[in-house]
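J.: As a plain string of letters, each chain reads:
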Amino acid sequence: MGLQNGQGGLNTLSALMADSTDAGEAKASVEKADAACVTGHNVLTAKELIEFIQIYASTLLAAGGQTSRVDRTACRIARAYGFEVELAIFPKHLMLSVIKPAEGGIPAERRTAVSSIVSGAPNFQRVAALNALSWSIADENLSLAKAREHFSAICAVPTLNPVLLRFLVACANAAFCGLFNGDAVAMGLVFCATFLGFYLRQKLLHWGLDLKVTFFLCSFAASLVASLGVLLHLGNTPQTGMAASVLFLIPGIPLINAMLDILDGHVLMGVSRLIQASTLIICIALGLATTMLLMGVDSL
Amino acid sequence: MMLVDCLVDGVLASVAAVGFAAISRPTKRIAVMAGLLAAAGHMSRFLLLQASMGIASASLCAGLIISFCSMPIARRCHTPAEMFVFPALLPMIPGMFAYKAILATLQFLNTAGTPQGQTVLVSVVYNGLTAFFIMCALAIGAILPLLLFHREAPLGRTLHKLSQGGNAD
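Protein sequences appear in the order of chains H and A.
Its first residue numbered 0, the first sequence is counted upward by one per residue in numbering that gives the first Met the number 0.
Its first residue numbered 0, the second sequence is counted upward by one per residue in numbering that gives the first Met the number 0.
For the record, the hints were derived by calculation from the structure and aren't laboratory data.
Keep in mind the model is a prediction, meaning the values are calculated, not measured.
Check the hints yourself; a few may be wrong.
Claimed, not checked - Which bits of chain H does chain A cover? Going by a derived footprint, with three or more residues having C-beta under 8 Å, they are: (1) 56-70; (2) 149-155.
As the list claims (entries may be wrong) - Computed list of lysine-lysine pairs in DSBU-like fashion (alpha-carbon distance at most 30 Å, straight line): (3) H:Lys202 <-> H:Lys145; (4) H:Lys46 <-> H:Lys145; (5) A:Lys27 <-> H:Lys145; (6) H:Lys202 <-> H:Lys46; (7) A:Lys27 <-> H:Lys202; (8) H:Lys99 <-> H:Lys211.
Just so it is clear, CB atoms sit at the ideal spot from N, CA and C, and this is done for glycine as well.
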C-alpha cells in the first residue's frame with residue numbers, strides 16, 4: 000500500500016528521470032525543507048534521521064543496489080530534511096555521519112553511526128521502491144514517520160510463490176540450454192535438473208545452510224540429473240545439457256554490480272562483490288567436477 | 000533460415016531473462032520490459048557473432064543496445080534504468096566460461112608436466128580471459144549510455160534543454 004503511494008507520488012514528476020540526481024532539484028528541496036522547518040514541524044534531530052538512513056542504506060545495499068546509488072539516495076533523503084550525510088561503505092559494514100549544516104562552517108549537529116549490512120538476496124522490487132521512496136521524500140516533503148511507514152511497507156512485500164518460481168527458473172534454464180544449441184532432449188533434461196536443483200536450493204537456504212555448501216550441493220544434484228543424458232546417450236547434445244544444467248546458480252546480479260562498482264570507483268566494494276561471486280562460481284564448478292568424477296564424464 | 004534462428008534466439012533469451020530475473024523478485028513491469036530488452040540484446044549479439052565478430056565486442060554492442068533502449072523506458076516508468084538492464088543482461092553472463100575455466104584449472108593440476116597439460120592451460124587462460132572480458136564488456140555497455148546521457152552530463156544537459164525548448168515552443 001505504501002509502495003503504491005510512493006510510486007503514485009513519483010508519477011507527478013513527469014520531467015524527472017528516476018536515475019538522475021539533479022543539483023537544482025536538490026537545492027530546491029533543501030529550500031522546501033527549510034521552509035517546512037520554519038512553518039512548524041522542526042522537531043527532526045540528527046539522531047532520528049541517522050537511524051532511518053542507516054537502516055535504509057543497509058537494506059538497499061543488501062537488496063543489490065549499486066554503491067553509488069546508495070550514496071546518492073542517502074544524500075537525497077538527508078538533503079530533503081536539511082541535513083548532509085557522509086557515507087563510508089565496506090563489504091559488511093557501513094559508517095555514516097549525519098551533519099546539520101550551520102552558518103560559519105562549524106556544523107550545528109553531527110552524529111556518526113556504524114551498522115552492519117545483513118546479507119540478502121538481490122531484490123529488484125525493493126531497490127526500485129526504495130529509490131522511489133527517496134524521490135518522494137525529496138519532492139513531497141514526506142515526514143520521517145510517513146517515510147518509516149512506507150519503508151516498512153516496502154520491506155513487507157512478499158517474495159514470489161516458490162512453486163511458480165521453481166517453474167520459471169526451470170523454464171529459463173531450459174531456454175538457456177537452447178541458446179547453447181542444446182536439442183529438445185537436452186532441454187527437457189535441463190528442465191528436470193533445474194527444477195530439482197532449485198527446489199534443493201530453496202529448501203537448504205530455508206533450513207539456514209551455508210550459502211557456499213548449498214551452491215555446491217545444488218550444483219552436484221542438478222548436474223547429476225543432467226548426467227543421465229550423457230550416460231544413457233539421450234539425444235544428440237547431452238554434454239551441452241550437462242554443462243547448462245548448473246547455470247541457474249551463477250550469481251549474475253552480484254557480478255554485474257561488482258563490475259559497475261569498480262567502474263564507478265568504488266573499487267573496494269566492487270572487488271569484494273567480485274570475490275564473493277567468484278567463490279560461489281568455484282563452488283558450482285566443484286559440484287560439477289564431483290559429478291564428472293563419479294559418472295566418469297571426461298569433458299563437457 | 001537465418002531470420003528464424005535469430006527469432007528463436009530472441010525468444011529463448013527473453014524466457015531465460017524473465018526466469019532468471021524471477022529469482023530476484025522483479026515487478027511485473029520490470030519482468031516484461033527485461034524480457035523484451037533481453038531479446039533485442041541477444042538477437043543483436045547473435046547476428047554480430049554470425050558476422051564473425053568477437054564475443055566480447057559483440058557483448059559490448061548488445062550491452063549498449065540494451066542500455067540505450069532502457070533509458071526511455073526508465074524515464075517513462077520512473078524506475079532506475081539499471082532495474083531493466085540487469086535482468087536483460089543475465090542471459091549473457093559468461094557463467095559457462097567462468098566455471099569451465101575453474102574445471103580446466105582442476106584438470107591442469109592433474110596433468111601438469113605432461114604434454115596434455117599445455118592444452119589444458121590454454122583452455123584455463125582462454126576461458127578465464129573470455130569470461131572476464133565479456134563481464135567487462137557487459138558492464139561498460141550497461142553504464143556508458145547512462146553516464147553519457149545523465150542529466151548532469153554535458154550531452155544529457157544539451158539534450159534535456161533541446162527537448163524542453165521543443166516542448167515550450
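J.: Go check the stretch 56-70 of chain H versus chain A for me, would you? Three or more residues, Cβ under 8 Å, otherwise it fails.
T.: holds (count 3)
J.: Could you grab the alpha-carbon distance between lysine 202 of chain H and lysine 145 of chain H and see if it respects the 30 Å cut-off?
T.: violated, 36 Å
J.: Do three or more residues from the stretch 149-155 of chain H put their C-beta atoms closer than 8 Å to C-beta atoms of chain A?
T.: With 0 residues close enough to chain A, the hint is violated.
J.: When you check the alpha-carbon spacing of lysine 46 of chain H and lysine 145 of chain H, does it fall within 30 Å?
T.: holds, 17 Å
J.: Between the alpha carbons of lysine 99 of chain H and lysine 211 of chain H, is the straight-line distance 30 Å or under?
T.: violated, 43 Å
J.: Compare the distance between the alpha carbons of lysine 27 of chain A and lysine 145 of chain H with 30 Å, and conclude whether the hinted pair is satisfied.
T.: Since the Cα atoms of lysine 27 of chain A and lysine 145 of chain H sit roughly 26 Å apart, the hinted pair holds (cutoff 30 Å).
J.: For the pair we were handed, lysine 202 of chain H and lysine 46 of chain H, check the Cα-Cα distance against 30 Å.
T.: At roughly 40 Å apart (the allowed maximum being 30 Å), lysine 46 of chain H and lysine 202 of chain H break the hint.
J.: Decide if the proposed pair is consistent with the structure: lysine 27 of chain A and lysine 202 of chain H, CA atoms, cutoff 30 Å inclusive.
T.: holds, 25 Å
This entry does not satisfy hints 2, 3, 6, 8, going by the numbered hints stated previously.
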